[in-house]
Amino acid sequence: MLSKRLIACLDVRNGCVVKGVNFESLREAGDPASLAKRYNQEGIDEVVVLDVTATIEGRRAFEDTIRAVSRELFIPLTVGGGIRSEPDAAAAIDAGADKVGVNSAALADPSLLTRLASRYGSQAVVVAIDAKREQGRFRVFARSGSTSTDRDAVEWAVEAESRGAGEVLLTSIDRDGTRAGFDCELTSAVSSAVSIPVIASGGAGTFEHFTEVFTLGRADAALAASVFHFSEHAVADLKRHLRDCGIAVRC
Amino acid sequence: MIALIDYGAGNLTSVRKGFHAAGADLMTPAAPSDLDRASGIVVPGVGHFGATAALAGDWMNAIRRAVERRVPLLGICLGMQWLFDGSDEAPDIPGLGMIAGRCARLPQGGGLKVPHVGWNSLRRPRDSRLLDGVADETQVYFTHSYAAPVTRESAATCEHGSAFAAAVECEQIFGVQFHPEKSSDAGIRILRNFVGATR
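Sequence order for the protein chains is A and B.
What the first sequence shows, in this note's numbering, is residues 1 to 251, in sequence order.
What the second sequence shows, in this note's numbering, is residues 1 to 199, in sequence order.
Looking at chain A on its own, in the form it has when it is part of the complex:
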C-alpha cells in the first residue's frame, strides 16, 4: 500500500536554516546538511529546501547548500523559492535537486510548467500554490503571499496538472505559522480535483493535525518545518502515532 509521506521543510538563508530553530536541543540547527541528514536517519520521507535569499550572492550560496544537502541524502529532494526560469531550475537540478517547486513564475507564465516537464519529466515539477480563504473560495496569492491574483486554487491546480506539473505543494496562508492545524477543506478540495499527489502545508502543530489532513484532507503528503524540531524523535513518534491511527506510513 502506498504510504502517506512526511516531508520536512528547511527554509534556508545564506546557508543557514532560519525557521523553527528556536529550540536549544537542536544543536545542528544552523546547518541544512546536518539537519537533513538527521531527519533522514529519523525516517523522514522527503526533504524540501526553500531559498529565502534574494541576492545573486545568496543564490550561489544556496546552490552550494543544495549540493551539500543532496550529497548524503538518498531520498527525494525538492528545491523551491525563487525558481523563475528554466536556467534557475537547471541550476537547482544540476546541484542535486530531484524536483523543483515553481510558484510565482508559473502563475506569470504557466507554459514554464510544460517546458520544465518536457525537459525533466513531470515527476520533477512541483507546482507550489499559496491560497487564502476569501468569500467561500480559495484565492491564489503570488510572491510569498504578498500579491493577490485572480485565480482560484482548485482551478489553478487543475490547469497546472494539465500543463505538466507532477505534484501540488499546497500552502494555506491562513494557517501558515499558526500551528492551528492544516486547512483540510482546502486540501480536500484540491486533492479531489486533481489526479496528481497533493502535499498539504501550513498549520502543523500537533500529531493529530497530520491524522486529520491525511483522512479529512485527503492529502497524499504533509509538509512541516518546526514541528519536527520538537524533539530528537519527532519523525519516528509521529509515524508511530499515524500507524496507530491506521494510516500507512513508511517504517
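What the hints contain is simulated information worked out from the structure, not anything from laboratory work.
From the three backbone atoms N, C-alpha and C, an ideal C-beta is built for every residue, glycine too.
A portion of the hints provided could be inaccurate.
Unchecked claim - Rough simulated footprint, nothing fancy, chain B against chain A, three-plus residues with beta-carbon under 8 Å:
| hint | stretch |
| --- | --- |
| 1 | 74-83 |
| 2 | 122-131 |
Stated by the list, open to error - Here are the simulated SDA-like pairs of lysine to any residue, each with C-alpha atoms no more than 20 Å apart in a straight line:
| hint | chain 1 | residue 1 | chain 2 | residue 2 |
| --- | --- | --- | --- | --- |
| 3 | A | K37 | B | R189 |
| 4 | B | K17 | A | R71 |
| 5 | A | K37 | B | A22 |
Using the hints, position chain B against chain A.
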C-alpha cells in the same frame, strides 16, 4: 567500467550519486561502440516512453551485443520498461524486447491516484541477486504512471490498483521500476548488488 546511458530522458545526477555511494563511478559513453568495453550498463530514464526512441538503432544494437557477451544490464524506471516489448504509452516505439510483455497504464479510480508517487512495499516471490539483503515488504520510492506486467521474470512485485513488476531479473538482465538512488539504504544496497554483478 559501468556505462550510464544518457539519452536525454531526465537528469542523471542522482543516479550517479547513488552509484558513487554504492562504490562505483559511472561513465557516460559518447558513442554506442564505447559499450564494447563496458563491464556493466545502466539505462536510466524518467518521463514518456517515447523518449526511448533515442535508443533505437545503434545504441540498441550495442546493448544487445553487450547482453550477448553476458554484460550485466540494469534498467531503472523508464529504463526497466524499455527492457520489455513496448508500452501502451508509445505503441509505435519498440522496447528492447529482452523480457516478454507490454507496459500499460496503472488503473485509476477508487481513490487511487495516478501517477503512483511515493514509498510502497516490495513483495519478493523468489530469490534474487539484485535484491539480495532486501527484506520482503521493504519500502522503496516510486514515481510512474505506466508499469510492466507481473511475469516469471519478476523479482519483486508491488501493488497500486493492481499488481505490477517492481523489479525484474533474468540472468544478467536486471530492472527496477522504483528509484533505488532515492530509496535510502535499501536502494543503495540494490545498486551495490548490481555493481557486485559487474565484477
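For each hint, the structure was consulted:
Residues of the stretch 74-83 of chain A lying with their CB closer than 8 Å to a CB of chain B number 3, which satisfies the three-residue condition for coverage. Residue count for the stretch 122-131 of chain A with a Cβ under 8 Å from a Cβ of chain B: 3. That meets the three needed, and the coverage hint holds. A hinted pair counts as satisfied when its Cα atoms are at most 20 Å apart, and A:K37 with B:R189 qualifies at roughly 18 Å. Between B:K17 and A:R71 the alpha-carbon distance is near 7 Å, which keeps this suggested pair within the 20 Å criterion.
Pair hint A:K37 plus B:A22 holds up; C-alpha atoms about 18 Å apart against a cutoff of 20 Å.
The structure meets every hint from the earlier list without exception.
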